[in-house]
Structures are given as structure tokens and as C-alpha cells.
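> Between the sequences and the hints, there should be enough to build the whole structure, so can you do that?
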Amino acid sequence: MATWAWILIVIIALVGGVALGFFLARQYMMKYLKENPPINEQMIRVMMAQMGRKPSEKQVRQMMAQMNKLQSK
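Count along the sequence shown from 1, add 12, and you get the number used in my numbering.
In short, the hints are calculated from the structure, not lab data. Since the structure is predicted, the reported quantities are computational estimates derived from the model, not experimental observations. Certain hints may be false.
Straight-line alpha carbon distances no greater than 30 Å define the calculated DSS-like cross-link-like pairs of lysine-lysine that follow [unchecked claim]: (1) Lys81 - Lys43; (2) Lys46 - Lys66; (3) Lys70 - Lys81; (4) Lys81 - Lys66.
Here is the structure:
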């Protein structure tokens, strides 16, 4: 087989591997986020309670707004 054929096979295999890896990683992350959702209001309340604070609803909403703002960047 000619050298150019081997180079073509390697390039095709590389592109296929990158595409397959991307889609497998994407599926894994979607499954992970479904099983372990990001921080929600209940988690913020528990964190603040562990720090010895009793948060008001306003404080919880402010922290959620900050978290959403940081995630959107």
C-alpha cells in the first residue's frame, strides 16, 4: 500500500476518534449533571446552617442569582 494511503487512514481514524470522544464525553457529562445537579436553594440553606447562620429568603435568592450569573459567563 502506498504511503499516502496510510496517511489518509491515520487522518480518518484520528478525526473519527476525536468525534467519537466528543460525543461520549458529552453524554457522560449530561448523565452526570442529571444525577448530580448543580447547587440549588436547599443546598445553600444547608451550607449557611452549617456555618451557624439562619438565612433569610432574600439572602438565599441573592446567592442563587450570583450562582446563576457566574454559571452563565
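> Straight-line Cα separation of Lys81 and Lys43 no greater than 30 Å?
holds, 23 Å
> Given the hint that Lys46 pairs with Lys66, test it: the Cα-Cα distance must not exceed 30 Å.
holds, 29 Å
> Holds or violated: Lys81 with Lys66, Cα cutoff 30 Å?
holds, 23 Å
> Do the alpha carbons of Lys70 and Lys81 lie within 30 Å of each other, as the hint requires?
Holds - the C-alpha atoms of Lys81 and Lys70 are around 16 Å apart, at most 30 Å.
Hint violations for this structure: none, all hints satisfied.
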